[in-house]
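Could you build the full structure based on these sequences and the hints that come with them?
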Amino acid sequence: MTNIERFSSSPQKLGTALTKLFFEKSNLDNNAVELEISIDSGNLSVREFSSYLDIIYRIDGMTSELGYNRYVQIPEAQIQISEIRFGSVLIVIERLLQNLDATNIVIIWISLKLLPKVINATTQSGIQIFEMLNKREEYLEKRDRRKFRKKIRDSINEDNELQEIDKNLKEKLVDLLDEIYFKNSQRIGPASRFADKSVKSVQIKTKRKNNNR
Numbered sequence: 001m002t003n004i005e006r007f008s009s010s011p012q013k014l015g016t017a018l019t020k021l022f023f024e025k026s027n028l029d030n031n032a033v034e035l036e037i038s039i040d041s042g043n044l045s046v047r048e049f050s051s052y053l054d055i056i057y058r059i060d061g062m063t064s065e066l067g068y069n070r071y072v073q074i075p076e077a078q079i080q081i082s083e084i085r086f087g088s089v090l091i092v093i094e095r096l097l098q099n100l101d102a103t104n105i106v107i108i109w110i111s112l113k114l115l116p117k118v119i120n121a122t123t124q125s126g127i128q129i130f131e132m133l134n135k136r137e138e139y140l141e142k143r144d145r146r147k148f149r150k151k152i153r154d155s156i157n158e159d160n161e162l163q164e165i166d167k168n169l170k171e172k173l174v175d176l177l178d179e180i181y182f183k184n185s186q187r188i189g190p191a192s193r194f195a196d197k198s199v200k201s202v203q204i205k206t207k208r209k210n211n212n213r
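Position 195, counted from 1, in the sequence shown is what UniProt numbering calls 195; the numbers after and before it change by one each time, with no gaps.
These are calculated hints, taken from the structure and not from any lab test.
Among the hints, a few may not be true.
Stated by the list, open to error - What follows is a list of derived Cβ distance ranges for each label pair: (1) Ile81 <-> Glu24: 21 to 29 Å; (2) Asp54 <-> Ser201: 14 to 22 Å; (3) Leu44 <-> Arg146: 31 to 39 Å; (4) Ser10 <-> Leu96: 19 to 27 Å; (5) Arg208 <-> Lys150: 38 to 46 Å; (6) Leu44 <-> Asn69: 25 to 33 Å.
C-beta: ideal position from N, C-alpha, C; glycine also.
Structure, rendered in structure tokens:
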């Protein structure tokens with residue numbers, strides 16, 4: 001898997017623009033961004049849960065400054081879960097804003113929150129997407145891929161938290177999400193089912209993190 005092939009602007013530039021957009025009014029003392037995924041703790045499908053976590057890993061790698069191929073070779077560069085809180089399960093992923101990879105968190109957040117809307121409305125599983133990938137590229141562009149991109153665009157437009165994104169930035173985001181979902185077609189089906197059945201919320205926020213922690 002290569003880094004983003006079709007994307008007209010680098011994922012890092014898009015991530016930086018989105019991070020500034022969502023957090024420009026946040027507390028200036030905050031120096032970290034935190035992604036919180038709240039999960040129902042009962043009857044979790046092991047396969048679907050693992051696919052969901054793998055999607056997070058792959059999005060981070062695909063949008064990494066290193067490129068995906070280098071990312072998978074460097075364990076220290078790979079995304080980590082900062083904390084797991086139990087009750088209902090809360091997975092916390094945290095990065096300092098000064099780090100180059102901090103802006104990836106915003107892209108992961110948007111990808112996860114739109115995943116069940118885009119995939120469930122397009123197909124019952126990831127099978128159709130996988131089949132689409134094996135068709136001729138021209139055919140994809142003319143019908144299936146265009147339909148899929150429209151669903152991504154509609155899902156962004158319908159999401160209340162994404163209303164501040166302007167048209168130009170939105171189209172770049174559509175390009176990126178289109179590539180992310182298609183590049184992970186074999187995992188998208190189970191990951192989307194997990195998101196639909198077991199994920200209660202996906203939230204992002206800034207916070208103050210002590211340097212000695």
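_Cβ distance range 31 to 39 Å for Leu44 and Arg146, holds or violated_ = Holds: the Cβ-Cβ distance is about 35 Å, inside 31 to 39 Å.
*Consistency of beta-carbon spacing, Glu24 to Ile81, with hint 21 to 29 Å*: 27 Å, holds
*When you take the CB atoms of Leu44 and Asn69, is the distance between them in 25 to 33 Å?*
31 Å, holds
*Between Arg208 and Lys150, does the C-beta distance stay in 38 to 46 Å?*
41 Å, holds
*Does 14 to 22 Å hold as the CB distance between Asp54 and Ser201, or does it fail?*
20 Å, holds
_Taking 19 to 27 Å as the stated bounds, is the beta-carbon spacing between Ser10 and Leu96 within them?_
Once the Cβ atoms are compared, 21 Å apart, the range 19 to 27 Å for Leu96 and Ser10 holds.
Of the numbered hints listed earlier, not one is contradicted by the structure.
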